[in-house]
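Fit chain A to the known structure of chain B by using the hints.
Order-wise, the sequence lines are chains B and A.
Counting in my numbering, the first sequence runs without a single skipped number right up to 118 at its last residue.
Counting in my numbering, the second sequence runs without a single skipped number right up to 233 at its last residue.
Honestly, the hints are just simulated from the structure, not real lab data.
Treat each hint with caution, since some may be false.
[Stated by the list, open to error] Just some of the chain A residues that point at chain B, by a computed CB distance under 10 Å:
#, residue
1, 159
2, 160
3, 191
4, 220
5, 226
[What the hints assert, rightly or not] Dumping the calculated SDA-like pairs for lysine to any residue here, alpha-carbon to alpha-carbon at most 25 Å:
#, chain 1, residue 1, chain 2, residue 2
6, A, 127, B, 89
7, A, 132, B, 47
8, B, 70, B, 98
9, B, 55, A, 216
10, A, 127, B, 42
11, A, 189, B, 98
12, B, 73, A, 217
13, A, 189, B, 44
14, B, 55, B, 11
15, A, 127, B, 46
16, B, 78, B, 20
17, A, 175, B, 5
18, B, 73, B, 24
19, A, 189, A, 123
20, A, 175, B, 31
21, A, 175, B, 98
22, B, 73, A, 127
23, B, 70, A, 221
24, B, 55, A, 219
25, A, 127, A, 221
26, A, 132, A, 232
27, A, 127, B, 40
28, A, 175, B, 29
29, B, 73, B, 118
30, A, 175, B, 70
31, A, 132, A, 189
32, A, 175, B, 33
33, A, 127, B, 48
34, A, 127, A, 226
None of these values were measured; they are calculated from a predicted model.
Even glycine gets a Cβ: it sits at the ideal position worked out from N, Cα and C.
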Amino acid sequence: AQTVTQSQPEMSVQEAETVTLSCTYDTSESDYYLFWYKQPPSRQMILVIRQEAYKQQNATENRFSVNFQKAAKSFSLKISDSQLGDAAMYFCAYRGPLTNFGNEKLTFGTGTRLTIIP
Amino acid sequence: NAGVTQTPKFQVLKTGQSMTLQCAQDMNHNSMYWYRQDPGMGLRLIYYSASEGTTDKGEVPNGYNVSRLNKREFSLRLESAAPSQTSVYFCASSERQGHFRGTQYFGPGTRLTVL
Chain B
1 AQTVTQSQPE MSVQEAETVT LSCTYDTSES DYYLFWYKQP PSRQMILVIR
51 QEAYKQQNAT ENRFSVNFQK AAKSFSLKIS DSQLGDAAMY FCAYRGPLTN
101 FGNEKLTFGT GTRLTIIP
Chain A
119 NAGVTQTPKF QVLKTGQSMT LQCAQDMNHN SMYWYRQDPG MGLRLIYYSA
169 SEGTTDKGEV PNGYNVSRLN KREFSLRLES AAPSQTSVYF CASSERQGHF
219 RGTQYFGPGT RLTVL
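Chain B with its partners taken away, still in its complex shape:
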C-alpha cells in the first residue's frame, strides 16, 4: 500500500524568507501524481502545486516550487518570499496511475503546520 510521510509536524519561518517542507512516499508504481495542498484555518483544501511522475522537470507555481526526487521518493515543497497568508497546514498527497480505475484515492500525509513570523 502507498504511504506518505511528512516528518515535520510544525515549521516556522520569518516573513520574506524561504522555507522547505519535506515529504517522502512509498510506491511500487512508475506512473503517479503528487500534490501539495494548503489548508488554512477556514478548512478549505486548496491545491498549491502538482507533479506528474513521468515529468523530470520540477513543477513551479509563482513562489511555490517542488524538488521531486523520483529515485529517492522525495517530494519537498519550497516556499520563497514567505507571506503572512501562507500560514496554514500543508498536506502532501499521492495518487496512483490514472489507468487503474481501482486506484482513485489520494493518500495524504499527516500534514505540516507552517507559522509565519512577522
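Then chain A, alone, in the frame of chain B:
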C-alpha cells in the same frame, strides 16, 4: 464557477439520527469523492464514484452510504450516526483527461458533531 459546493457547513446530530450530506460540482468532472478528516490526520477516502452510475468503497466505508444522483451531484448518507463519525467531511471531484488530469478539487467541508 462555484467549483465544488457542500451543504450544510455545520451539523450536530444525536446518536442514532440520520442525515445526508450534499455535494455538487459545476466543473463537468466524471469522478467524485467523499473524505473524512479527523484531528491530527490527513483525509481518508470513504466512497468514490468514478463515473455517473458507479460507486465504490474507499478506506473507511462502514456506517456510510452514497448516491451518485447525476453527473453533478454526489451525496453521503449516515443512516444511524455514531460519535465515532464526528469529523470534518470533504467532497471532491476530478477528471481523467486534460492538463489537470488526476487533480482533485475540494469543497469547503462540513463539520459534523455526533453527541
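Comparing the hints with the structure gives:
1. 159: 6 Å, holds
2. 160: 3 Å, holds
3. 191: Hint violated; residue 191 of chain A Cβ to chain B Cβ min 18 Å, cut 10 Å.
4. 220: 5 Å, holds
5. 226: Holds: closest Cβ of chain B sits about 5 Å from residue 226 of chain A, inside 10 Å.
6. A:127 with B:89: Holds. Residue 127 of chain A to residue 89 of chain B sits at ~20 Å (cutoff 25 Å).
7. A:132 with B:47: Violated, at about 34 Å.
8. B:70 with B:98: With a Cα-Cα distance of about 18 Å, the restraint between residue 70 of chain B and residue 98 of chain B holds, given a limit of 25 Å.
9. B:55 with A:216: 16 Å, holds
10. A:127 with B:42: Since the Cα atoms of residue 127 of chain A and residue 42 of chain B sit roughly 11 Å apart, the hinted pair holds (cutoff 25 Å).
11. A:189 with B:98: 19 Å, holds
12. B:73 with A:217: With a Cα-Cα distance of about 23 Å, the restraint between residue 73 of chain B and residue 217 of chain A holds, given a limit of 25 Å.
13. A:189 with B:44: Distance ~23 Å between residue 189 of chain A and residue 44 of chain B Cα, so the pair holds.
14. B:55 with B:11: Roughly 29 Å between the alpha carbons, so the hint for residue 55 of chain B and residue 11 of chain B is violated.
15. A:127 with B:46: 17 Å, holds
16. B:78 with B:20: Holds: residue 78 of chain B and residue 20 of chain B sit about 4 Å apart, inside 25 Å.
17. A:175 with B:5: Distance of about 24 Å is within 25 Å: holds.
18. B:73 with B:24: With Cα atoms ~6 Å apart, residue 73 of chain B and residue 24 of chain B stay inside 25 Å; holds.
19. A:189 with A:123: Answer holds: residue 189 of chain A to residue 123 of chain A is near 14 Å, not above 25 Å.
20. A:175 with B:31: 23 Å, holds
21. A:175 with B:98: OK: residue 175 of chain A and residue 98 of chain B at ~18 Å, within 25 Å.
22. B:73 with A:127: 37 Å, violated
23. B:70 with A:221: Holds, at about 19 Å.
24. B:55 with A:219: 14 Å, holds
25. A:127 with A:221: 23 Å, holds
26. A:132 with A:232: Measuring from Cα to Cα gives roughly 5 Å; hence the hint holds.
27. A:127 with B:40: Status holds; Cα separation ~16 Å.
28. A:175 with B:29: 22 Å, holds
29. B:73 with B:118: 33 Å, violated
30. A:175 with B:70: 30 Å, violated
31. A:132 with A:189: 32 Å, violated
32. A:175 with B:33: Holds. Residue 175 of chain A to residue 33 of chain B sits at ~21 Å (cutoff 25 Å).
33. A:127 with B:48: Given pair residue 127 of chain A, residue 48 of chain B holds - Cα atoms ~23 Å apart, limit 25 Å.
34. A:127 with A:226: Given that 25 Å is the threshold and the Cα spacing comes to 8 Å, the pair holds.
In this structure, the earlier hints numbered 3, 7, 14, 22, 29, 30, 31 are contradicted, and the remaining ones agree with it.
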